[in-house]
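Number of protein chains: 2
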Amino acid sequence: MQPIRLGLLGLGTVGSAVVRIIAENAERISGRAGGPVEVRRALVRDTGRTRDLPKGGAVELTTDPAAITEAKDIDVIVEVMGGMTLAPELVKQAMRNGKHVVTANKDALATFGVELSKVALDNNVGLYYEAAAAGGIPIIKTIAEALTGNRIKALMGIINGTTNYMLTRMTREGSSFDDVLAEAQALGYAEADPTSDVEGHDAAYKLAILAGLAFDVNVDINEVHREGITAITPEDIRNADELGYTIKLLGIARENDGKIEARVHPTLIPTVHPLASVNDAFNAVFIDGDAVGELMLYGRGAGGGPTASAVLADIVDACQNIRLGISGRLTAPTALQQLLPITETTSRYYIAISVAEQTGVLASIATAFAKEGVSLASVIQKGHASDPVSLVLVTHSVKEKHVRAALDAIAQLPTVHSITNTLRVEG
Amino acid sequence: MQPIRLGLLGLGTVGSAVVRIIAENAERISGRAGGPVEVRRALVRDTGRTRDLPKGGAVELTTDPAAITEAKDIDVIVEVMGGMTLAPELVKQAMRNGKHVVTANKDALATFGVELSKVALDNNVGLYYEAAAAGGIPIIKTIAEALTGNRIKALMGIINGTTNYMLTRMTREGSSFDDVLAEAQALGYAEADPTSDVEGHDAAYKLAILAGLAFDVNVDINEVHREGITAITPEDIRNADELGYTIKLLGIARENDGKIEARVHPTLIPTVHPLASVNDAFNAVFIDGDAVGELMLYGRGAGGGPTASAVLADIVDACQNIRLGISGRLTAPTALQQLLPITETTSRYYIAISVAEQTGVLASIATAFAKEGVSLASVIQKGHASDPVSLVLVTHSVKEKHVRAALDAIAQLPTVHSITNTLRVEG
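Those protein sequences? They're chains A and B, same order as listed. Anchor point for the first sequence: position 192 equals 192 in our numbering, and the numbering is continuous, going up by one each time. Anchor point for the second sequence: position 289 equals 289 in our numbering, and the numbering is continuous, going up by one each time.
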């Protein structure tokens with residue numbers, strides 16, 4: 001039987017792992033793929049570099065993208081180079097040349113997903129992206145196939161390993177954000193410029209992909225509300241713990257009265273919630289479906305092996321579909337829909353306020369909240385007979401715009417030093 | 001487009017949920033299934049009974065199995081009647097008549113899986129069983145499709161909701177097995193005859209299905225080692241907690257030196273292990289794959305909605321495959337392989353021994369262990385200056401046969417009242 005021939009765009013950690021797994025598990029993979037699978041060629045920057053590739057393999061190395069995107073002897077492109085400079089254009093070219101695409105590129109998908117889906121559709125090729133949303137966790141397949149019978153009500157995910165590692169350390173050790181970041185950078189867990197992780201960009205890309213699939217909408221990445229973890233203090237983590245919560249950076253997407261909300265922000269979740277015990281660099285996606293109820297998938301969201309595992313699942317699906325003469329089963333989002341603005345979303349809120357130690361302070365704050373219809377579930381005063389004193393409040397469920405209006409008024413009160421932090425509470 | 005026509009064997013909780021979901025999510029389901037899906041007919045015991053079926057639906061009720069298994073106007077049989085009396089034979093008849101089968105029947109699959117797979121293969125029809133192993137958790141799809149690129153090293157699952165609910169209550173409240181069982185029965189969480197759950201039969205069926213798929217072997221259900229939770233005492237749970245462990249009833253399958261082991265038994269797992277925080281009636285399956293690393297799926301293993309969610313995923317897969325003109329993608333296990341006997345498996349062990357309060361007792365016990373090459377990781381003496389005293393030991397990793405030999409010798413020591421409990425420690 002003719003082998004299905006793969007062309008790799010990129011041969012870094014993930015690409016090399018894909019080559020190694022195909023060599024090691026050849027029999028199992030060809031059994032599932034309906035015939036042999038072969039890595040024919042890989043695009044690299046430098047063909048002269050020594051690489052740790054399986055012996056006996058015949059992977060041609062090339063520095064010419066066209067040798068892959070336009071090659072007659074390539075059936076499936078595996079895009080594991082990442083980034084936004086070259087990859088999206090190469091993927092489009094390849095699809096226009098009739099090649100099926102497996103990609104792990106979250107940035108490209110979140111930004112150009114609709115366009116890429118359209119090119120795939122127009123050229124009758126498959127576009128597969130299991131590795132783009134949560135690494136080794138089979139969340140795309142689960143949403144697209146296993147949960148077909150469900151209306152998904154909400155999706156909440158820990159989808160950035162670096163920040164989860166940092167928050168886990170801060171929670172366990174009481175360390176500050178800056179100290180943990182420096183250590184994570186020293187250990188190679190965080191990048192020299194950590195912006196994409198700690199400001200929630202990486203998580204927002206992944207959430208856009210997941211929300212689009214779960215709610216069958218086209219999510220504009222620029223509409224996803226995004227807050228990072230840079231403002232989280234050891235005090236917030238201690239306060240949360242005292243109230244029975246753990247702080248996690250969550251990507252949350254939810255159907256809300258016919259509209260979809262999608263937001264990435266640090267969140268207090270009950271310590272008994274399954275997401276609360278997802279620690280270190282692990283990822284997890286929690287889904288509430290109308291039939292299945294609560295479902296959570298937990299695993300590694302990054303790294304060569306886990307990402308390659310997801311890429312391989314896509315390769316096998318692509319091979320099956322090619323042999324069946326059909327394109328990929330994922331449908332492009334049909335509905336173009338504006339996200340619900342963050343001010344219209346509903347949540348409970350954790351609010352830390354620094355105030356003067358003075359009679360009547362709490363009364364004036366409570367009055368300001370009441371004026372906007374914000375009711376308080378709990379109030380803790382931290383630090384006694386010191387000045388300033390810290391008030392920690394948790395609200396009942398309320399629309400964000402009312403909280404914002406109340407906090408604007410409270411910030412003007414003469415007895416209030418500052419609003420130290422405002423975080424959402426879920427679960 | 002011609003609808004795919006379903007015939008339901010059984011219209012209880014799961015069957016009714018399937019009918020309701022298909023009615024409620026018709027558009028989404030037909031979109032994914034490549035065309036309309038219709039419940040044509042259902043086998044029931046009594047056609048006169050009032051049922052809560054969606055209005056406007058045209059589900060014919062029949063008491064004649066042949067009106068489904070032999071009907072020309074049925075494409076897919078959905079077996080949700082369960083049990084071993086009628087179901088396996090009806091499923092075989094239907095497949096011989098060219099009908100694809102979706103089944104939630106774990107007993108039938110674990111007992112006759114190889115035979116059913118063969119009938120499916122011989123008649124070129126699909127046999128789908130996502131709902132049979134862990135209800136709403138998409139573990140079959142994950143193993144069969146998402147983890148294709150992996151060699152699975154081990155699989156550990158909490159796959160019986162009743163016992164997990166009971167152990168959770170015992171852990172939280174310190175209650176005895178008998179008290180929790182009585183309460184679970186009163187609440188309808190446990191059956192009047194709880195044997196299938198508390199003795200681990202239900203979990204063993206599911207483990208046989210999962211192990212067969214994960215390791216591509218044919219597992220004889222009678223070879224699966226099985227221990228229930230009836231002997232677990234509040235003291236065991238307290239001791240485990242003190243040592244940093246939680247007790248769960250686990251189904252464990254593992255590749256061990258070329259052989260497969262499959263066993264169901266109460267197990268001490270570290271409280272930080274992801275499985276340890278799976279509480280109440282929730283199920284979870286933890287997998288260690290060579291590429292993906294640690295992966296866990298968590299959700300509801302039983303109930304109408306979750307089971308119907310899994311059945312629906314299978315129905316949609318079956319519809320796609322019928323429209324593509326191919327049978328199901330699951331392959332029958334090819335290798336027939338004997339399981340590793342439990343005496344040859346390796347584990348750490350928790351051992352509680354009731355002894356006389358007397359100098360030299362510990363020395364004689366330690367000597368007996370040492371003679372069999374069993375080394376001890378920790379020893380705690382519970383109860384001081386009382387008689388008898390309880391010794392709680394945890395061994396290092398060792399083959400079961402050596403532990404058994406040592407305990408046989410220890411039971412003969414004059415200072416030993418009894419071996420109170422022996423449990424395995426994993427994770």
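No wet-lab data here; the hints were simulated from the structure. Keep in mind that a hint or two might mislead.
Unchecked claim - Here are the computed lysine to aspartate or glutamate pairs in the EDC-like style, where the Cα-Cα straight-line distance is at most 16 Å: (1) B/153 / A/24; (2) B/92 / B/115; (3) A/153 / A/24; (4) A/92 / A/70; (5) A/153 / B/24.
Unchecked claim - The following residues of chain A were derived to be distant from chain B, with all beta-carbon distances above 12 Å: (6) 46; (7) 58; (8) 189; (9) 306; (10) 343; (11) 380; (12) 413.
Said to hold, decoys possible - Negatives, chain A to chain B, calculated, CB over 10 Å: (13) 86; (14) 366; (15) 401; (16) 409.
For glycine and all other residues, C-beta sits at the position ideal for the given N, C-alpha and C.
Results for each hint:
| no. | hint | verdict |
| --- | --- | --- |
| 1 | B/153 / A/24 | holds (15 Å) |
| 2 | B/92 / B/115 | holds (9 Å) |
| 3 | A/153 / A/24 | violated (40 Å) |
| 4 | A/92 / A/70 | holds (11 Å) |
| 5 | A/153 / B/24 | holds (15 Å) |
| 6 | 46 | holds (26 Å) |
| 7 | 58 | holds (20 Å) |
| 8 | 189 | holds (16 Å) |
| 9 | 306 | violated (5 Å) |
| 10 | 343 | holds (30 Å) |
| 11 | 380 | holds (26 Å) |
| 12 | 413 | holds (42 Å) |
| 13 | 86 | holds (26 Å) |
| 14 | 366 | holds (36 Å) |
| 15 | 401 | holds (32 Å) |
| 16 | 409 | holds (41 Å) |
Of the numbered hints given earlier, the model fails hints 3, 9; all others are met.
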